[in-house]
Amino acid sequence: MSKPILTQINWHNPLSPWGAKTTDIPTVAATDCSDVWDANTEYKAKTYKVGRLKHYVIWPNHGQRMWTRLRWWPTRRNLLHVKGLYNRKTLVAEKKILDRRPIYWAICLLLIAMGPMLFPASMYNTMLSAGTIFGIFAAINVCWTLILGAASIFSLASYAVVGVTAFVTTYASIQMGLPWFTLPILGGFLGLAMGGLIAIPALRLDGFYYALLTLGLNELCRVFFTTSKQFGSASGGLYGADSFLPASWSPEAQSLLSYYSALALLIAALFLFRFINGKRLGRILRMAPEKREAFAAACGVDYRKARVTIFIITSAALGFIGGFYATLYGGTAFSIFSFDTVLLGLAMVTIGGIGKAEGAILGTLVVTFLDKVLISWGPMRMFLIGIIMLGVVLFLNTGYFGIKKQFNAWRDKKRGEWRSMRTEKGGEALPEEATEEDDKDVLYFLRFDKMQRDYLKGLICPEIIEEHRRQPLGQHSAALERLLMYFRRAPMDDKYALHRNSATGKFKIIAFSGERGVSPRVVEDREYDSIGDGYHAIFMRRVHDLLES
Amino acid sequence: MAEQKIFGYADQFTVKEGERIRFYVNCDGSDTAEAQLVRLIHGDDNREDGPGYIEEEIAHPANGTWAVKKQFTQLGNFLEVADPDNRLKLDGSLSMMAFIWPSMPQKGARQTIMGRWDTRTNEGFALGINPEGYLQFWVGDGREVDYVTSEMPLLKHVWYAVGVSYDAASGTATLYQEAVLNRYNSLIGPAVPYDYASHVRTTLRFAQHNRADIPFLIAGARDNHVLRGDFVADLYAGKIDRPFLTETVMTRAQMDEVRKGGVPGRQGLVAYWDTAAGYSEAGISHDVAETGPWKLHTRGVNHPIRGMTGWNWNGKNDCFRLAPEEFGGIEFHPDAITDCAWEETRAIEIPQGLKSGAYAIRLRVGPGSGIAEEYIVFIVRPAQPKAKLAFLVPLASYLAYGNETLSFDAQIVQPMTGQPPIISDVEIETYEHREYGLSTYNHFEDGAGVCFSSFKRPLINMRPKFRNSWMGVPWQFPADLSIVAWIEHFGYECDFISDLDVHREGVEALKPYNCVMTGTHPEYVSEKMLDAQEDFVAQGGRLIYMGGNGYYWCVNFDPEENAVMEVRKLDSGMRAWAAKPGEHYLQTTGEKSGLWRNRGRAPQKLLGVGMISEGFETCEPFRRMPDSWHRTVSWITEGIDGELIGNEGLAYGGAAGVEIDRYDLSLGTPPHTKIIASSGGHTDNYVLSTEEILYAYAGMVGTLDYRIRADMIYYTSWNHGAVFSSGSIAFGQALPAKGFDGTASKLLRNVVDAFVKDGPLPGQQWTLEEKQWR
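Those protein sequence lines, which keep their order, are chains A and B.
Note that the working numbering has the first sequence beginning at 1, numbered continuously upward.
Note that the working numbering has the second sequence beginning at 550, numbered continuously upward.
This is chain A alone, in the form it adopts within the complex (with noise of 0.2 Å):
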């Protein structure tokens, strides 16, 4: 709309009769309001239309009907976390699964436990074998993401904690001939020593340094148990500790028995991450992660022990792992210090997610499946997880499982940048922000004040302001008034105060907070001696807000 053309006219004060000193003063006629409505009938921007099609079965709520909970024993959680809501659009009742993870985890540890079942024949020995591996490796990095992720420490020593476990659980069974069920218990102590062990440089080291001198660790007993003839430097590994594979059974039999084990060690692996993350450890650490310990530690939480608690618990984790894994294959190959392996290792990790139980499975899954499954692909295979690694840390903020999370995101900005884009500022809500505010009137609301804007931004000019200068109280020009009408309609947020202590103080803008019983701020440290000049200035902010929106 075009700035109308403003008459100047003296105003003729109604009160002069009455002895008025402010009459015939320079003004501007007000003009007709019903211009701003008549030039204003449609959307700048191009409308659409907006709403989400029901695309999916919704469970309604009970009514009258008694809802019986039942919960995982022995605990208060229900079943599913389920919450009651009413359809914003229909009133309908609703009920609305907010957490639907154990249906998921549900299905996939079903699908896993019947996936002898669905192997294919051709492949049926290859994919066991990979399975047991994979119910390890998935364990190990459970493990493992917890220290990374739920305990911000970043050790690449994991699989040296695995190994040490392992090849002295071995050497103790085959030296003492201890039964294989000690074993996982006994490499359950070792892992909470060498935890306890390279906690302590946690305390003072982090980051890319510690990760080095995990590293080292790790190649520090590769080179130890590859050159040591105790453990078998000649052979390639220690074999020969006792194993709870019954001998008797046939091979397949003791494949099955293996990848069902293997199962069972990733569920206990899940259990302990469930009971250390979701519990009070992991909710301490979650107020304390990377480059913001500080501001924990201000609020009182001990972030170090928390940290170093949970390293030590997964260390001996780990070292049962290390046993178990003795038990399971009869002893283990230096391989498990190598490099690669921790490469492996890190790229099961990262590809999920670090930090959730759930990406350090899908990791694995598809690490160890183009690893161990794949095999006929060839050294093809370490490139695929090299690319599939890179274009995770490319494009992915945290893993697979933080697609949702970033996509959700990404799809705010671009909300943000196109509104930005289609809205005027302070202008009314276009159809899509409209599906977002509960209260219509605010619609409306919003539409007259663009309308009332636009026209009293018409109307300022320096007579106006002149006239409220000279007399900021009492009888003002018709123009004036409706300014000031305006202003002081405004609602309370933002809304602009004088501050002044008292009768012979000076005055101070503030501003209220709109919000019950947060104090106003200040806006300017500016002072004005009288009253008529804090009036003025509050005036004088208010159309510059004007003219600006």
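Simulated from the structure, these hints should not be mistaken for laboratory data.
Each residue gets a CB set at the ideal place from its N, CA and C atoms; glycine is no exception.
Among the hints, a few may not be true.
To be verified - Below 30 Å or equal to it, Euclidean Cα-Cα: the simulated BS3-like pairs (lysine-lysine) are:
no., chain 1, residue 1, chain 2, residue 2
1, A, 21, B, 1295
2, B, 638, B, 618
3, B, 565, A, 83
4, B, 809, A, 95
5, A, 372, A, 414
6, B, 865, B, 1141
7, A, 54, A, 508
8, A, 95, A, 506
9, A, 506, A, 89
10, A, 96, B, 705
11, B, 565, B, 1223
12, B, 865, B, 1129
13, B, 935, A, 83
14, B, 935, B, 1060
15, B, 705, A, 440
16, A, 425, A, 413
17, B, 904, B, 1223
18, A, 414, A, 21
19, B, 705, A, 54
20, B, 904, B, 935
21, B, 937, B, 1141
22, A, 54, A, 21
23, A, 95, B, 705
24, A, 49, A, 89
25, B, 1287, A, 89
26, B, 1306, B, 1295
27, B, 1077, B, 1060
28, B, 1129, A, 89
29, B, 1287, A, 506
30, B, 1129, B, 1060
31, B, 1077, B, 1141
32, B, 809, B, 865
33, B, 1287, A, 21
34, A, 46, A, 508
35, A, 96, A, 508
36, B, 935, B, 1077
37, B, 1129, A, 440
To be verified - Which residues of chain B face chain A? A few of them, derived with a C-beta cut under 8 Å, are:
no., residue
38, 594
39, 598
40, 957
Given chain A's structure and the hints, the job is docking chain B onto it.
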């Protein structure tokens, strides 16, 4: 060191010579404060146009250093149940049920409807609303909490029947949630397609562990803080109607029976609060009837609002007196406060012979100004009436505005006053901390209007020097001190009494005086106050109404707690909120609140004038009206040069303005009333009062509507009685201007000098029908 601040209150507003008055002080940042008894003379520190602030330090043994400390305030409404024998300590199965009308279910904080719960130790059992707004029953064993939550969220301002049955043997807890909405009782009607019902059952992992010392509370739960000790938290917002507790496992059918209006069976009943019982023609007590087997004494804290429409209200009866059973709702607000209940800091005795007047204990810590200075105001009455003149201090109106925060919260204030507000630190301090409660111009956090106000809490605007922020000049008490200063300046002997004294003692409190002067804005009056003043005038007393918008709202002081005033705002009038339908009657008397005008007692009947307009941002002078030359009244304007009266003043430089009153025969102005002077030339910010409006049309503003003016009137009554009314709030603040030598001051001298004399008033002989040559 913490920021130093000091606040306090007294147990009485008026105290006689020889009596004791107790002070309660809360102080941060210091354990001592300097106390000084002062007589307050002038309250407006504007030194350019008036005398500035004036106080007189009075020698008293209590002056000097007082030991003060930090005190804590229990905010919020709840019902306390006296249960010394632990009858409600149910360790096994139990059922609870209540009708509720939540006003902030999605508050984001836990709210307890009823139970025996300790928030700190997680012990006991309770029925309430979880932070997401779902009905929940929870039990605690001292370590952990277990709970069952309903399926659908509670909706605000809808009546529900809610309950729980807990079977300790099997551990199953069953929630019951059904709406009891009808065509009238809730915010929305039956056409809205909500399914409110929810019935959820789960097996709890452990049973409640009850400690003996946990209290059973309705609308709150026990909490504890290391410095503060025990207090009540998890407060509920909304109404509760007829809650009860049984030691049986109630079935769905039994609960349905209650939902349909049945009374719970006596079998296994442990407590039944019949919230609609005990109502009388004269109002409702704060004691809630518990009609179960043990008759446990139950009392509301901080004045929960009683007699509110209940779950079964059907729109026909508009008062709890007509059908008590439909008005069983008790409304609870987590931010209500009518008694800070602090520990006494000091009690002092008012010495014999202390001049009657407005006094305060001035307390200072650290810098001794702003929030580090407090005046605890009280009025000293003579032991026996001494003077001919009395100043009637309008406490009810001070309370109505006590701690108002309109500048911060009310969008309408700037359009109303036509100016941006001017805020001081003490307002910001109390706005932030909110523990001293609200005024009857505020809304509670849940949006309901505040209908109780008390002086048993610090009142930051009932202090000298305080300037009303929405218009930048003193208002109520500090403005009334301009009248006090005028009385002092001219050396009138004057006794001070408050309207609460008149409310309690009736016309006897006024009888000893020849002349009674009111404050600048005595807007809130009770029936007893009106009766007393009407009788006083009819018996020959002279009343000077020094204000504007006076005798407007019908209020009452709580007979059980004199510090508390009650008002309901409704129907018409310039009002900050509107009481809900069916909730228009004062719980403390049973009479209809709202405007006196709507009850057949427009202020014009006693004062000759009544509210017509308010505008705040400018004031005008009065100009003599032709009747003022009549010899019956010409003595009033004797010695005044020119026709203008009050062309000066501390409120916008004029005696007519802020809020103004008009003569109106149709509203009961006595027919022989003469208008001495009227104001004019009010700006368009002066708008017609809403109770005047039948049809709204354009132009009901100062420059277009002749009705918008202040009328200064005079009329005579029986036995040489008379009434003079200034008809404007600004009149009182015009008195100290020009060194008390302005025209308003001169005119008032004429009136007071005549009114304090015994015998006939001047000009009473000039009563024959005029035979005029001119």
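For each hint, the structure was consulted:
no.: 1; hint: A:21 to B:1295; result: holds (26 Å)
no.: 2; hint: B:638 to B:618; result: violated (36 Å)
no.: 3; hint: B:565 to A:83; result: violated (63 Å)
no.: 4; hint: B:809 to A:95; result: holds (28 Å)
no.: 5; hint: A:372 to A:414; result: violated (41 Å)
no.: 6; hint: B:865 to B:1141; result: holds (16 Å)
no.: 7; hint: A:54 to A:508; result: violated (55 Å)
no.: 8; hint: A:95 to A:506; result: violated (59 Å)
no.: 9; hint: A:506 to A:89; result: violated (53 Å)
no.: 10; hint: A:96 to B:705; result: holds (21 Å)
no.: 11; hint: B:565 to B:1223; result: violated (38 Å)
no.: 12; hint: B:865 to B:1129; result: holds (14 Å)
no.: 13; hint: B:935 to A:83; result: violated (73 Å)
no.: 14; hint: B:935 to B:1060; result: holds (12 Å)
no.: 15; hint: B:705 to A:440; result: holds (18 Å)
no.: 16; hint: A:425 to A:413; result: holds (18 Å)
no.: 17; hint: B:904 to B:1223; result: violated (36 Å)
no.: 18; hint: A:414 to A:21; result: violated (58 Å)
no.: 19; hint: B:705 to A:54; result: holds (28 Å)
no.: 20; hint: B:904 to B:935; result: holds (10 Å)
no.: 21; hint: B:937 to B:1141; result: violated (35 Å)
no.: 22; hint: A:54 to A:21; result: violated (68 Å)
no.: 23; hint: A:95 to B:705; result: holds (20 Å)
no.: 24; hint: A:49 to A:89; result: holds (15 Å)
no.: 25; hint: B:1287 to A:89; result: violated (67 Å)
no.: 26; hint: B:1306 to B:1295; result: holds (17 Å)
no.: 27; hint: B:1077 to B:1060; result: holds (14 Å)
no.: 28; hint: B:1129 to A:89; result: holds (29 Å)
no.: 29; hint: B:1287 to A:506; result: holds (24 Å)
no.: 30; hint: B:1129 to B:1060; result: violated (40 Å)
no.: 31; hint: B:1077 to B:1141; result: holds (14 Å)
no.: 32; hint: B:809 to B:865; result: holds (19 Å)
no.: 33; hint: B:1287 to A:21; result: holds (21 Å)
no.: 34; hint: A:46 to A:508; result: violated (45 Å)
no.: 35; hint: A:96 to A:508; result: violated (51 Å)
no.: 36; hint: B:935 to B:1077; result: holds (24 Å)
no.: 37; hint: B:1129 to A:440; result: holds (23 Å)
no.: 38; hint: 594; result: holds (4 Å)
no.: 39; hint: 598; result: violated (10 Å)
no.: 40; hint: 957; result: holds (6 Å)
Checked against the numbered hints given earlier, this structure breaks hints 2, 3, 5, 7, 8, 9, 11, 13, 17, 18, 21, 22, 25, 30, 34, 35, 39; the rest are met.
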